[in-house]
Amino acid sequence: MSEQMHHPYAPSQPPGQPPNQPPNEAQYEGQNQAQPPYAPLAGPGHPYPYPAPGQVWNQAGQQPFGAPPRQRNGLAVTAIVMSAVALLASLGVVAFIAVGVAGGGSGVLTGQVAPAGGAVSSGVLVPALTTVIEDDGGSVEQVSCPDSSAVGQGLVTVCHGSVDGFDWTGIVVFEDSSGTFTLQEL
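Okay, so the sequence shown: first residue is 6 according to this note's numbering, each after it adds one.
Simulated from the structure, these hints should not be mistaken for lab results. Predicted, not measured: the structure shown is a model, and the values here were computed from it. Backbone N, C-alpha and C fix where the C-beta goes; we use that ideal spot for every residue, glycine too. Treat the hints with care, as some may be off.
Taking CB as the label site, the calculated pair distances span [stated by the list, open to error]:
#: 1; residue 1: Q117; residue 2: P151; range: 16 to 26 Å
#: 2; residue 1: A94; residue 2: E180; range: 29 to 39 Å
#: 3; residue 1: T174; residue 2: L96; range: 26 to 36 Å
#: 4; residue 1: D169; residue 2: I85; range: 36 to 46 Å
#: 5; residue 1: S95; residue 2: T135; range: 32 to 42 Å
#: 6; residue 1: L92; residue 2: T136; range: 37 to 47 Å
#: 7; residue 1: V82; residue 2: E180; range: 52 to 62 Å
#: 8; residue 1: A124; residue 2: D172; range: 23 to 33 Å
#: 9; residue 1: S167; residue 2: I102; range: 23 to 33 Å
#: 10; residue 1: M87; residue 2: H165; range: 42 to 52 Å
#: 11; residue 1: T83; residue 2: I176; range: 47 to 57 Å
#: 12; residue 1: V98; residue 2: S126; range: 16 to 26 Å
#: 13; residue 1: L92; residue 2: S144; range: 33 to 43 Å
#: 14; residue 1: V82; residue 2: T136; range: 51 to 61 Å
With these hints in hand, go ahead and build the complete structure from the sequences.
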């Protein structure tokens with residue numbers, strides 16, 4: 006006795022029926038079935054048994070539904086957000102520059118004094134500080150420094166006064182023993 010192999014995806018075929026052939030309707034008479042043993046995969050009048058590409062059919066194979074709508078606004082939202090970020094960043098840079106220009110001086114100034122015996126007197130340091138501040142655009146009303154300040158790498162002197170109508174404090178840091186200094190205005 007020879008057994009026929011049934012394709013696992015083919016509709017159930019009675020024994021002796023050639024594969025891919027519709028079953029004989031006479032075999033099912035009297036079984037009182039409302040539907041044939043296989044259901045059509047496409048709607049009425051459809052030329053082939055599968056939905057057309059991009060269409061979805063309901064279980065009864067009756068009505069096609071279009072493919073789901075595509076989301077197309079994601080790129081536009083991303084572009085708007087990135088534009089807003091770029092605008093805010095450029096406004097921040099402009100504000101930073103405006104505050105720096107409006108603030109007057111650069112904050113750290115450099116100068117040179119002539120020390121005598123490893124120290125500099127107030128009479129030499131005050132005119133040097135006044136020149137450095139005025140060269141930076143400030144208006145010096147009054148500056149006072151200690152009577153004698155040691156000059157050497159990393160040595161510090163603090164001076165006080167009035168510049169541009171405001172109380173002023175300047176920190177003088179000597180860079181070397183020849184009198185080169187930096188002035189940090191507070």
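- Check the following: the C-beta atoms of L92 and S144 are separated by a distance inside 33 to 43 Å. Since the Cβ atoms of L92 and S144 sit about 38 Å apart, the hinted range of 33 to 43 Å holds.
*Using the Cβ atoms, figure out if T174 sits within 26 to 36 Å of L96.*
Once the Cβ atoms are compared, 33 Å apart, the range 26 to 36 Å for L96 and T174 holds.
*Range hint 51 to 61 Å: satisfied by the CB atoms of V82 and T136?*
Check passed, 58 Å falls within 51 to 61 Å.
*Between Q117 and P151, is the Cβ distance one that fits in 16 to 26 Å?*
holds, 19 Å
Quiz item: Does the Cβ distance between D169 and I85 fall inside 36 to 46 Å?
Solution: Given a distance of about 45 Å, which is inside 36 to 46 Å, the answer is holds.
Practice problem: Note whether the CB distance of A124 and D172 lies within 23 to 33 Å or breaks it. | Solution: holds, 27 Å
Okay, T83 versus I176 on CB: inside 47 to 57 Å? holds, 49 Å
Distance restraint hint 37 to 47 Å, applied to the beta-carbon atoms of L92 and T136: Given range 37 to 47 Å: holds, Cβ gap about 43 Å.
For the hint 16 to 26 Å, verify it against the beta carbon of V98 and that of S126. Between V98 and S126, where Cβ atoms are some 45 Å apart, the hint is violated.
Q) Is the hinted range of 32 to 42 Å satisfied by the C-beta distance from S95 to T135? A) Roughly 39 Å apart at Cβ, these two residues keep to the hinted range, so it holds.
Go ahead and decide if the range 42 to 52 Å is satisfied by the Cβ distance of M87 to H165. Since the Cβ atoms of M87 and H165 sit about 50 Å apart, the hinted range of 42 to 52 Å holds.
_Outcome for the supplied range 52 to 62 Å, where the beta carbon pair is V82 and E180_ = Given range 52 to 62 Å: holds, Cβ gap about 55 Å.
In the structure shown, a violation is registered for the earlier hint numbered 12 alone.
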